[in-house]
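Undergrad: If you want the building blocks of each chain, they are given just below.
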Amino acid sequence: MANLKNSKSKSMGLHKEVLTGRTQQVFFNPEEAENFFYYGAHDVDFNKRTEIDAMDLTAAQLNDKLHSLMKEGYGSVVVKNPQGKHSLGVGILNKLNLIFEGSLGYFGVGSIDGPVVRITGRVGWSCAENMMAGKVVIEKNAGSCFGAAIRGGDLVCKGSVGARTGIDMKGGTIIVGGDAGAFTGFMMQRGRIIVLGDAGINLGDSMYDGTIFIGGKIKSFGSDAIKSKITSDDISWLKRKLKVAEIGSDFDFSKMTKVVAGKKLWNYDALEPSEKKGAI
Amino acid sequence: MCGIAGLIHKGKTVNIGKELQDMLQALKHRGPDSTGFALYGKGNNQGDYIMRFKVGENVAEGSTAVNEEKSVYDARRKEVDKHIRDLGGSIVNDAQLTPYSFRYCIKYDKDLMEFSKKIESVDMTEILSLGKSLELVKDIGDASVVSKQYGLDKIKGTHAIGHSRMATESGVDIRSAHPFWGYPFSDVSVVHNGQLTNYWNNRRALENKGMRFMSECDSELIAVYLAQKMRNGASLKDGMQDSLKELDGVFTYLVATKDSLGMAKDTMAAKPMVLYESDDLVALGSEEIAIRTLLPQEIDTYDPYDGEVKVWQI
Numbered sequence: 466m467a468n469l470k471n472s473k474s475k476s477m478g479l480h481k482e483v484l485t486g487r488t489q490q491v492f493f494n495p496e497e498a499e500n501f502f503y504y505g506a507h508d509v510d511f512n513k514r515t516e517i518d519a520m521d522l523t524a525a526q527l528n529d530k531l532h533s534l535m536k537e538g539y540g541s542v543v544v545k546n547p548q549g550k551h552s553l554g555v556g557i558l559n560k561l562n563l564i565f566e567g568s569l570g571y572f573g574v575g576s577i578d579g580p581v582v583r584i585t586g587r588v589g590w591s592c593a594e595n596m597m598a599g600k601v602v603i604e605k606n607a608g609s610c611f612g613a614a615i616r617g618g619d620l621v622c623k624g625s626v627g628a629r630t631g632i633d634m635k636g637g638t639i640i641v642g643g644d645a646g647a648f649t650g651f652m653m654q655r656g657r658i659i660v661l662g663d664a665g666i667n668l669g670d671s672m673y674d675g676t677i678f679i680g681g682k683i684k685s686f687g688s689d690a691i692k693s694k695i696t697s698d699d700i701s702w703l704k705r706k707l708k709v710a711e712i713g714s715d716f717d718f719s720k721m722t723k724v725v726a727g728k729k730l731w732n733y734d735a736l737e738p739s740e741k742k743g744a745i
Numbered sequence: 373m374c375g376i377a378g379l380i381h382k383g384k385t386v387n388i389g390k391e392l393q394d395m396l397q398a399l400k401h402r403g404p405d406s407t408g409f410a411l412y413g414k415g416n417n418q419g420d421y422i423m424r425f426k427v428g429e430n431v432a433e434g435s436t437a438v439n440e441e442k443s444v445y446d447a448r449r450k451e452v453d454k455h456i457r458d459l460g461g462s463i464v465n466d467a468q469l470t471p472y473s474f475r476y477c478i479k480y481d482k483d484l485m486e487f488s489k490k491i492e493s494v495d496m497t498e499i500l501s502l503g504k505s506l507e508l509v510k511d512i513g514d515a516s517v518v519s520k521q522y523g524l525d526k527i528k529g530t531h532a533i534g535h536s537r538m539a540t541e542s543g544v545d546i547r548s549a550h551p552f553w554g555y556p557f558s559d560v561s562v563v564h565n566g567q568l569t570n571y572w573n574n575r576r577a578l579e580n581k582g583m584r585f586m587s588e589c590d591s592e593l594i595a596v597y598l599a600q601k602m603r604n605g606a607s608l609k610d611g612m613q614d615s616l617k618e619l620d621g622v623f624t625y626l627v628a629t630k631d632s633l634g635m636a637k638d639t640m641a642a643k644p645m646v647l648y649e650s651d652d653l654v655a656l657g658s659e660e661i662a663i664r665t666l667l668p669q670e671i672d673t674y675d676p677y678d679g680e681v682k683v684w685q686i
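Residue numbers (the numbering used here), protein chains in the order written: chain Z, 466 to 745; chain D, 373 to 686.
Simulated from the structure, these hints should not be mistaken for laboratory data. Take these hints with a grain of salt, some might be off.
Claimed, not checked - Pair ranges (Cβ atoms, derived):
(1) 382/D - 697/Z: 48 to 56 Å
(2) 572/D - 708/Z: 24 to 32 Å
(3) 652/D - 516/Z: 42 to 50 Å
(4) 485/D - 688/Z: 41 to 49 Å
(5) 650/D - 696/Z: 42 to 50 Å
(6) 685/Z - 528/D: 42 to 50 Å
(7) 441/D - 684/Z: 54 to 62 Å
(8) 521/Z - 486/D: 50 to 58 Å
Ideal Cβ positions, reconstructed from N, Cα and C, are used throughout, including at glycine.
Extracted from the complex, chain Z is given alone in its bound form (with noise of 0.2 Å):
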């Protein structure tokens, strides 16, 4: 385990609580390089290209295989045939460029944290679920619960997504080309949302915190969700991240809705739980 007695982290500040698991213990010491790189994660090459047909394979022998290409350095890998099967690319932890030609099921490429990923076909529910950085490209539609709970990185759908959008995401972006569903933001916590299309019912529902933006109609607020002024830096943000994005490169944002968290929900109240049982 480090040794955090005198650790460069202690004098930042980092460990005024006492951390008990050896993962947390080990992760919050800036000093040992070694420790930033997760086990499982490859030194990739990206000249170094190769492709694998999975019309044969199932999801948990795909997903070996891209394991071990990237062990052996492979940094670019095409994927033919993925006929909508479900937890494909999941929990790669490093630079890849990867690319899905044809759709993918649930829980398509997951836990991801670095790989630029393209997908020339559709996403079922949940892509990219909790991802922590990289890029996903989608071509096509998305089904719900797209972003769900993402940290990081851009999250790039061409077509329209379906409900719960972003649903608890903590950072990252998420941009979508057409419409987006129901409770798009559901509870979202931080990280922005842009749709250039229409919003379904409850958009933002009980959302802490971060920024939604949305091109078209909403259909209606969820609670505690209203609308802000939009400025232009946000319009210049907008404008650079569309490009990245290569999507609305014609699209006029100050047309657009900017929607935050009103923040007059209960969890923003001062009241310890035994208080608010009073209050109720």
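Chain Z is already provided as a structure; the job is to place chain D on it using the hints.
TA: Positioned in the frame of chain Z, the structure of chain D alone reads:
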């Protein structure tokens, strides 16, 4: 969880039993307890009613049903035959598919509700379907098991809906399996993925209006609810639109009639549905892998939105 699937070929008759079997088998992981098929074809070409019914339950592994002697089934069947004759009907042909389930072609031209009540007055007897194009089959086991048991892979038709069930709020038996027949409307069937939270209120209200429930499965409510709507003159689509406001809970369901297929998704959009639509084929499934059994090539699909109702014609 449960998996639902449906497909409709526009202007073409295909091996619909095999196609739906493949779709449902791909969804087996969503519900392995029982599987049901509602297949729509040309019937027996004579315009007779096709009645699929059971006089007992399957007691296969996992079933919650009680075992009975075959002689008990035979006695019930004889009673059913007598009722059909007493009601003025005649059995054109009959087939015994399992010890407890049968397929009859019947000539009958009077009130279906009266007919159904009489037949179902026989102990443990349930009409699974009664129509001129609908063949409804459901039993314990996955799609391959049920299809093989009933020879469904040879049935031709234009459209179909089906269900792979994970039993949650009611038993593992044929009675609680989907699809449900839209009693007393011939050729109407429903499959559902989700939970209805105002089931009992609606059930009591519908029972007071003379509608019958055969199970305690909340999904049956949708079939009976739509039947009642259509009985009062509503179109299928209007009835489905009303269901979004009047049925409470989370649901995605498919409904089929002799010439159409419809889908509805509740306003919370909490249950999945993937849709493929082209000029000659519409295919829907809880997961895209079901559609991929029909169309392995790259296709455009999307999730219907919250509160969306769609109906297609053959």
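Undergrad: Compare the structure with each hint and give your call.
TA: Now the hints, each set against the structure:
1. 382/D - 697/Z: 48 to 56 Å: holds, 52 Å
2. 572/D - 708/Z: 24 to 32 Å: Violated - the Cβ-Cβ distance for residue 572/D and residue 708/Z, about 56 Å, lies outside 24 to 32 Å.
3. 652/D - 516/Z: 42 to 50 Å: With Cβ atoms ~33 Å apart, the hint is violated.
4. 485/D - 688/Z: 41 to 49 Å: holds, 46 Å
5. 650/D - 696/Z: 42 to 50 Å: This hint holds: roughly 45 Å between Cβ atoms.
6. 685/Z - 528/D: 42 to 50 Å: Check passed, 46 Å falls within 42 to 50 Å.
7. 441/D - 684/Z: 54 to 62 Å: Between residue 441/D and residue 684/Z, where Cβ atoms are some 59 Å apart, the hint holds.
8. 521/Z - 486/D: 50 to 58 Å: holds, 56 Å
Hints 2, 3 from the list above are not met by this structure, while the remaining hints are.
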